[in-house]
Structure formats: C-alpha cells, structure tokens
Amino acid sequence: MSDQSSQEPTMEEILASIRRIISEDDAPAEPEAAAPAPAPEPEPEYQAPAEDDVLELTDPIEPEPAHEPEPAPLESVGDLDVYSPAAPEPEPAYTPPPAPSFNRDDV
Numbered sequence: 454m455s456d457q458s459s460q461e462p463t464m465e466e467i468l469a470s471i472r473r474i475i476s477e478d479d480a481p482a483e484p485e486a487a488a489p490a491p492a493p494e495p496e497p498e499y500q501a502p503a504e505d506d507v508l509e510l511t512d513p514i515e516p517e518p519a520h521e522p523e524p525a526p527l528e529s530v531g532d533l534d535v536y537s538p539a540a541p542e543p544e545p546a547y548t549p550p551p552a553p554s555f556n557r558d559d560v
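Residue 454 is where the sequence shown starts when you use this note's numbering, and the numbers rise one by one after that.
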C-alpha cells in the first residue's frame with residue numbers, strides 16, 4: 454500500500470499545481486511588436502445648410518386636395534355580392550312619455 458501512496462501527489466502538490474496554472478493564466482501575454490497607431494482621419498469641413506431648407510412661417514401653405522369617396526359598385530363580382538351602403542336612417546324624434554293621470558276617486 455505504501456507504493457500507491459507514493460505515486461499519488463500530496464495535497465500540497467495539487468494546490469501548488471493549481472496556483473501555478475492560475476498564475477500562468479493571469480500573467481500578461483508578451484506584447485507583440487506594437488504597430489504604429491493609424492493617423493486620425495481629418496474632420497470634415499463644416500458646410501452650411503442650403504437656403505431652401507429654411508422654413509419661412511410667412512409663406513402660405515397650399516391645402517391638400519380633398520379626396521372624394523369612391524362610388525360603391527352596384528353589381529356582383531364573382532362569388533361576392535357587392536352593394537352600396539344604405540343611407541343611415543334618421544333618428545326618431547323625441548316624444549315625452551304621457552303624463553300620469555290621477556282620479557280623486559282612486560285615492
């Protein structure tokens with residue numbers, strides 16, 4: 454049994470191995486030959502906006518043309534029945550309820 458225990462690493466050796474691996478991972482890699490930084494691009498020159506882009510509040514605005522509703526077809530197309538919508542019915546006039554009538558004899 455002493456042969457098996459001599460082949461296995463001790464707890465201290467295992468911990469030392471783990472610390473070594475961690476330190477290798479944390480160590481900064483050797484820097485490669487640093488390439489010279491590219492020259493910054495020059496900033497574009499300022500160009501003033503064209504005069505047409507200015508909104509003059511005193512200019513009159515032309516109204517958009519009114520859209521007329523499309524007429525409803527009065528025929529059948531294929532298997533669809535096409536009809537024109539009916540004119541809305543006018544609302545009935547308000548009629549107040551009849552006044553209650555009382556008789557003195559009923560009281």
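Don't take every hint at face value.
To be verified - Per label pair, the in silico range of CB-to-CB distance: (1) Y547 to A519: 53 to 63 Å; (2) P516 to E496: 20 to 30 Å; (3) H520 to A540: 51 to 61 Å; (4) P538 to D558: 54 to 64 Å; (5) E542 to P522: 12 to 22 Å; (6) P522 to A546: 23 to 33 Å; (7) E523 to E544: 36 to 46 Å.
Think of the hints as simulated: they come from the structure by calculation, not from any bench.
Every residue, glycine too, gets a C-beta built ideally from N, C-alpha and C.
For each hint, the structure was consulted:
The given range of 53 to 63 Å is broken by Y547 and A519, whose C-beta atoms sit roughly 34 Å from each other. Take P516 and E496: their Cβ atoms lie about 44 Å apart, and the range 20 to 30 Å is violated. Between H520 and A540 the beta carbons are some 21 Å apart, a value that contradicts the proposed interval 51 to 61 Å. Separated by about 57 Å at the C-beta atoms, P538 and D558 satisfy the suggested range of 54 to 64 Å.
Separation of E542 from P522 is about 20 Å and conforms to the stated range, judged on CB atoms against 12 to 22 Å. Checked against the given bound of 23 to 33 Å, the beta carbons of P522 and A546, roughly 29 Å apart, stay inside it. Between E523 and E544 the beta carbon distance is about 27 Å. The supplied range of 36 to 46 Å is therefore violated.
Taken one by one, the earlier hints fail for this structure at numbers 1, 2, 3 and 7, listed in ascending order.
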